[in-house]
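The primary structure of each chain is shown beneath.
2 protein chains.
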Amino acid sequence: MNICVAGLGIIGGSMCMALKRAGLPVWGWNRTKKVADYALHNGIIDGIARDFVAFDVVFVALPPEATVEFINNHAFKEGAIVADICGVKVWIEEEIYKRPRNFRYVGCHPMAGKEVSTIYNACADLFDNASMIITYSGATDFAAVNTVSGLSQKMGFARVVECTAAAHDKKIAYTSQLAHIVSNAYVKNDELDGCLGFTGGSFQDMTRIAGVDERVWSSLYLKNSQNLTEDISRLISSLEQLRAEIAKGDKEGLEKCLREGRKIFESRREERTLWGDITVTEFK
Amino acid sequence: MNICVAGLGIIGGSMCMALKRAGLPVWGWNRTKKVADYALHNGIIDGIARDFVAFDVVFVALPPEATVEFINNHAFKEGAIVADICGVKVWIEEEIYKRPRNFRYVGCHPMAGKEVSTIYNACADLFDNASMIITYSGATDFAAVNTVSGLSQKMGFARVVECTAAAHDKKIAYTSQLAHIVSNAYVKNDELDGCLGFTGGSFQDMTRIAGVDERVWSSLYLKNSQNLTEDISRLISSLEQLRAEIAKGDKEGLEKCLREGRKIFESRREERTLWGDITVTEFK
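Sequence order for the protein chains is R and H. Residues are numbered in our numbering as their position in the first sequence, beginning at 1, plus a constant of 3. Residues are numbered in our numbering as their position in the second sequence, beginning at 1, plus a constant of 3.
For reference, chain R alone in the conformation it holds in the complex (with noise of 0.2 angstroms):
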């Protein structure tokens, strides 16, 4: 299987360490030349790609408008698996069976990353124990959403997820998008200087992810607006039910208020048995 990861930032640098780890070849392509040859000369590809055609598998490692704009303008082999990984996939499919294809689309989101970015930071062990999301839609090919499965196993994901892009977005806006814009509003406070000695574990956790890319970030949350904004809103009436019974003095209002928020958290589900929609396969 002749396997290509076109866009060698974090993510697709990361991906190429993690499949030459299990023992595939993978060539590379960058829009930065200089990138392409540190990968090479690293050790990280085999090779770097010219074209697309002679590629079985070709991951596209790019943010959403790259990733359209590189698969509307190379050619790929008849019936070629073409995978991207960006973090919306509802706007991305649209883009995507805008037009016939000759090859076979599988929505991926690797669910791993760090707060810093390109190859530099990139290591074989990145989604060591993370999660694959892939979505699904009636045009997806099942068999090339199996070969993208087996080889996440291979890069070191815990476990496939299979879902359809809507039920993604749904999710994501609500589990990534909405802690990374809360983070981003937790620090516009002119408390935030001078508050060593002051903080603990839950200050650093609220705050650590408040300075990620905002044009990285942004086009994200565009492409999911709806249902980040609903989640925004959702948590804005949280808070302010919150602030209403402490402004009020009223213990009891305030305790029920926030028993509520540990019993919903206590009692959680994580387990896929509650979604007919949503297919967890775990590989260890």
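Do not rely on the hints blindly, as some may be mistaken.
It does not matter which identical chain is meant; a pair holds if it fits inside one copy or across any two.
Claimed, not checked - Below, a list of computed lysine-lysine pairs in the DSBU-like style, where the Cα atoms sit at most 30 angstroms apart:
#1 Lys117 / Lys254
#2 Lys80 / Lys23
#3 Lys117 / Lys259
#4 Lys101 / Lys191
#5 Lys259 / Lys191
#6 Lys259 / Lys226
Worth flagging that the hints you see were computed from the coordinates, not collected in a lab.
Got chain R; can you put chain H on it based on the hints?
Same frame as chain R, now just chain H:
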């Protein structure tokens, strides 16, 4: 120096263990005899106190109301140091100074904890590398502060931060109480269920403290309600701003808003030099 810790929960128990680790004998007291017996039989304390007039230093490691009740209902040696560990300081200071005292009061707030409680989860290294906040007022005896500061160093604290009770409450509303409020509000979303495979570190960070004891925290929130409601309002306003940019679909406006947060975060200053009213003493 005869030391006693009154209230053998996770903080009080850990204080005993940390003091004994440093070679200091320490006596303990607990409302429930079973817990005091456990501490004695497991070498966490050297004896069970029946009264407190023999002690030079008494750490009261109880919730706010219980702390005031304990101090009002017991006799202490003339000039003894009595130090509390409550997470709000203006309220407790006012309660303490409502009547003349024959002891020297020192307000403390050890910035360490766990998501679990009770002496069974106590450990000798709970305070290692943490901060001990000590609050002062016009009535504070600075020799007593120095003694508590020295004992904090022996317990493993990395630094002592000294400030007024008001400065403490303002900072702590933002760095700790608001974080707990956000976490509790964050989980109130139908998407919490079935998250397996859709979560990374950012989701764990946001929700980790959602299930803390509502009785403990509601009491703290209500004793610091003005600072805390202001911080909640500040956060809501930042969230509303981000929501508006997302809803408008304005990439430039959204990027600008996110960039503001990133810049604020990246240029934050932790150092004490900015803060004349907060003194930090590093032990290492």
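Evaluated hints:
In this assembly of identical chains, Lys117 and Lys254 lie within 30 angstroms of each other by CA distance solely across copies; the values are 24 angstroms between and 41 angstroms within a copy. For the identical chains of this complex, Lys80 and Lys23 are intra-copy neighbours only, at 23 angstroms inside a copy versus 71 angstroms across copies, given an alpha-carbon limit of 30 angstroms. Taking identical chains as interchangeable, the C-alpha atoms of Lys117 and Lys259 lie at most 30 angstroms apart only when they sit on different chains, with a minimum of 22 angstroms there against 37 angstroms within one chain. In the homo-oligomer, the alpha carbons of Lys101 and Lys191 never lie at most 30 angstroms apart, since the shortest distance is 41 angstroms inside one protomer and 37 angstroms across protomers.
Taking the shortest alpha-carbon separations for Lys259 and Lys191, both the intra-copy value of 29 angstroms and the inter-copy value of 13 angstroms come in at or below 30 angstroms. Taking the shortest Cα distances, Lys259 and Lys226 sit within 30 angstroms of each other only across copies (17 angstroms), while inside one copy they are farther apart (37 angstroms).
This entry does not satisfy hint 4, going by the numbered hints stated previously; all others are met.
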